[in-house]
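Student: Spelled out, the chains give:
Number of protein chains: 2
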Amino acid sequence: MAFTGRELRSTLNEDGTLRLSLEQVTHGDPAPDAVVVQVEAAPINPSDLGLLLGPAQIDTLREEGTADAPVLVFDVPQGRLASMKARLGQSLPVGNEGAGTVVAAGSEAQGLLGKRVGMAGGAMFADYRTLKAREVVPLPEGASAADGAALFVNPMTALGFVETARREGHKAIVHTAAASNLGQMLQKLCRADGIPLVNIVRSEEQAAILRGIGATHVLNSKDEDFRARLVDAVAETGATIAFDAIGGGALGSDILQAMEAAAVRAMTDYSRYGSDQFKQLYIYGALDLAPTTLNRLAFGFQWSVSGWLLMPFLQRAGGEVVGAMRRRVLGELTTTFASRYTRAIGLAEALNPEVLRAYERKATGEKFLIEPGKG
Amino acid sequence: MAFTGRELRSTLNEDGTLRLSLEQVTHGDPAPDAVVVQVEAAPINPSDLGLLLGPAQIDTLREEGTADAPVLVFDVPQGRLASMKARLGQSLPVGNEGAGTVVAAGSEAQGLLGKRVGMAGGAMFADYRTLKAREVVPLPEGASAADGAALFVNPMTALGFVETARREGHKAIVHTAAASNLGQMLQKLCRADGIPLVNIVRSEEQAAILRGIGATHVLNSKDEDFRARLVDAVAETGATIAFDAIGGGALGSDILQAMEAAAVRAMTDYSRYGSDQFKQLYIYGALDLAPTTLNRLAFGFQWSVSGWLLMPFLQRAGGEVVGAMRRRVLGELTTTFASRYTRAIGLAEALNPEVLRAYERKATGEKFLIEPGKG
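Chains as they are written, first to last, in UniProt numbering: chain A, 1 to 375; chain B, 1 to 375.
Hints may be right or wrong, so weigh each one.
The calculated DSSO-like cross-link candidates involving lysine-lysine, where the alpha carbons are at most 30 angstroms apart (straight line), are [as the list claims (entries may be wrong)]:
1) Lys222(B) - Lys222(A)
2) Lys115(B) - Lys367(B)
3) Lys362(A) - Lys85(A)
4) Lys374(A) - Lys222(A)
5) Lys171(B) - Lys188(B)
6) Lys171(B) - Lys85(A)
7) Lys85(A) - Lys367(B)
8) Lys362(B) - Lys85(B)
9) Lys362(A) - Lys188(A)
10) Lys171(B) - Lys115(B)
11) Lys85(B) - Lys171(A)
12) Lys367(B) - Lys222(B)
Hints were generated in silico from the structure; no laboratory data involved.
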């Protein structure tokens, strides 16, 4: 039996246009160790937008195609094509994670038939997805597709931050853009595990969200005394590691500087190399595309600024650690790791210009869920 | 028996002046495990200037004191005092390393009496220095004080770079400000050990120095096609680690970008997270005091930019590795690790305004040696 369905594709063309469309894809009989899953829910994560929209200029959006087969086209500045050479002309499927029901299973995977599963691995903005059986996780009894659609990216990232901090010997964490879905998860996780967390946000509305779930250290970077309060919060918690979703500008540098200032407060002897307190900044997002500025003379020589990505982290952590992380996510699916969606849309709706502009805005507190069954 | 002699001191005062002077210090009988060394030679390393002159404005230099007891005074901008709070009012001795003859030894260190030794640990710009016996290294037969004066900072740093690269799994190295004394040492070391080294300099004169000692990859960052040639050199050598003495500006970022471009050349599939090639930039100096700018979108998420300092590296490396490094330095003291001095000056001469301006300039190829015996 074969299943034919739609798959959302993003294509960057050499002529400087980016094209979104729904392609028909047929899934044949799965291999012995594989399954076909009917996708019931897939979240739109910030990390999906990079592949979906890439370097497109949103205000150049135009509609082509039909209501049944919508197509959106955008212009891309020529200057940004060079770094995208490797994807030119390729029709790329989108969607990091999702949940659905197994509708076909290979001979070795029959136990999964009819089960509702969570999954990750790309191409989830689709009606069907074929995967290896070991790539899906059966959801706990009673869990909805929405409950299980986002058990990978944000929960594993939040756990990955805590695990990274532990492995590298830090006892408290600083997090930016902290009112995000991921940020709220991290706050709940750190509270449960007794790890002090300093949350940095950019508005009072965001600060209120975090205080509402029990956050004690919440700083608004727009406040005039932000830097002084950051030093105090870092000194009080002992935070020496930070995870930064913003990337551009000097906020990361300000955090390292606050950590150094807190360490120097505790020093008795002068050292022109600064404190011997090692400080780590991980950049895991790019909410600000500007270059990163490091005022490194303000934080000595004991520091590191690094990229942080989930997949390489999981590879380094190894199967045992990853297994324990997965079990914890399943166990706390509707508590610590619950995602809250503000809007559920169909697959074709994802290519509605107004809807796209809404989820592209990444507004505080808004989170979209694609439910292909809705149309 | 007591030895009384001069010690060069740097004092940063709250009134915003920096004062250099020679103080008389008396060294009494050494403890059982200690020795008194008459200092015969001490190099002026770039790393000494940070403590000696700190944030002083060189063009505000004025002479106070007498020919026998020279004193130099400089102004320091108020804005730069805040980060120097910990040294305000302290009379700090200067000079990271040197060589001399043991003139007094404790009961457990009699074997060192009369020996010529190399040493590190500060306060070397002086007539005498008291140290633990284990802090000095007897020089090979026939080695002069000048031969053994700089066996610590530059040789251990060059070896530290190679050891760091090896430990972290890199097979080739990029180095900036590569015509420095340290850079030439690193070139000789990498050549001897068969480790490809990409040297980046800022003038043709500097490039010629490196080619003269057998360097094959020498790039002038002032050349118009510098970036393209850097990608080629990185691709050819497979360099994925860089040591940067400059720190400020975007050169470090350019190096990471070149490493990424070389890695992407070899990729077949597009990934919006960039290549999975890990790239490491270590900043170990501050020839440019400006902030560091990272155009991180051009090099993906698999990278790290960190401070690199010799002492913490040696602590992490452990006694066995450090012992092997020391033995190698002594064995190759007059070959791989030979320092070339362009001018020897007395201790009082170091406080002569014209001489100070000359060594403060850090001109290419110039290297000063203090010989306290000269006066």
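Student: All hints, please: hold or fail.
Tutor: Cross-check of the supplied hints:
{"no.": "1", "hint": "Lys222(B) - Lys222(A)", "verdict": "violated (40 angstroms)"}
{"no.": "2", "hint": "Lys115(B) - Lys367(B)", "verdict": "holds (26 angstroms)"}
{"no.": "3", "hint": "Lys362(A) - Lys85(A)", "verdict": "holds (27 angstroms)"}
{"no.": "4", "hint": "Lys374(A) - Lys222(A)", "verdict": "violated (40 angstroms)"}
{"no.": "5", "hint": "Lys171(B) - Lys188(B)", "verdict": "holds (16 angstroms)"}
{"no.": "6", "hint": "Lys171(B) - Lys85(A)", "verdict": "holds (27 angstroms)"}
{"no.": "7", "hint": "Lys85(A) - Lys367(B)", "verdict": "violated (47 angstroms)"}
{"no.": "8", "hint": "Lys362(B) - Lys85(B)", "verdict": "holds (27 angstroms)"}
{"no.": "9", "hint": "Lys362(A) - Lys188(A)", "verdict": "holds (21 angstroms)"}
{"no.": "10", "hint": "Lys171(B) - Lys115(B)", "verdict": "violated (40 angstroms)"}
{"no.": "11", "hint": "Lys85(B) - Lys171(A)", "verdict": "holds (28 angstroms)"}
{"no.": "12", "hint": "Lys367(B) - Lys222(B)", "verdict": "holds (24 angstroms)"}
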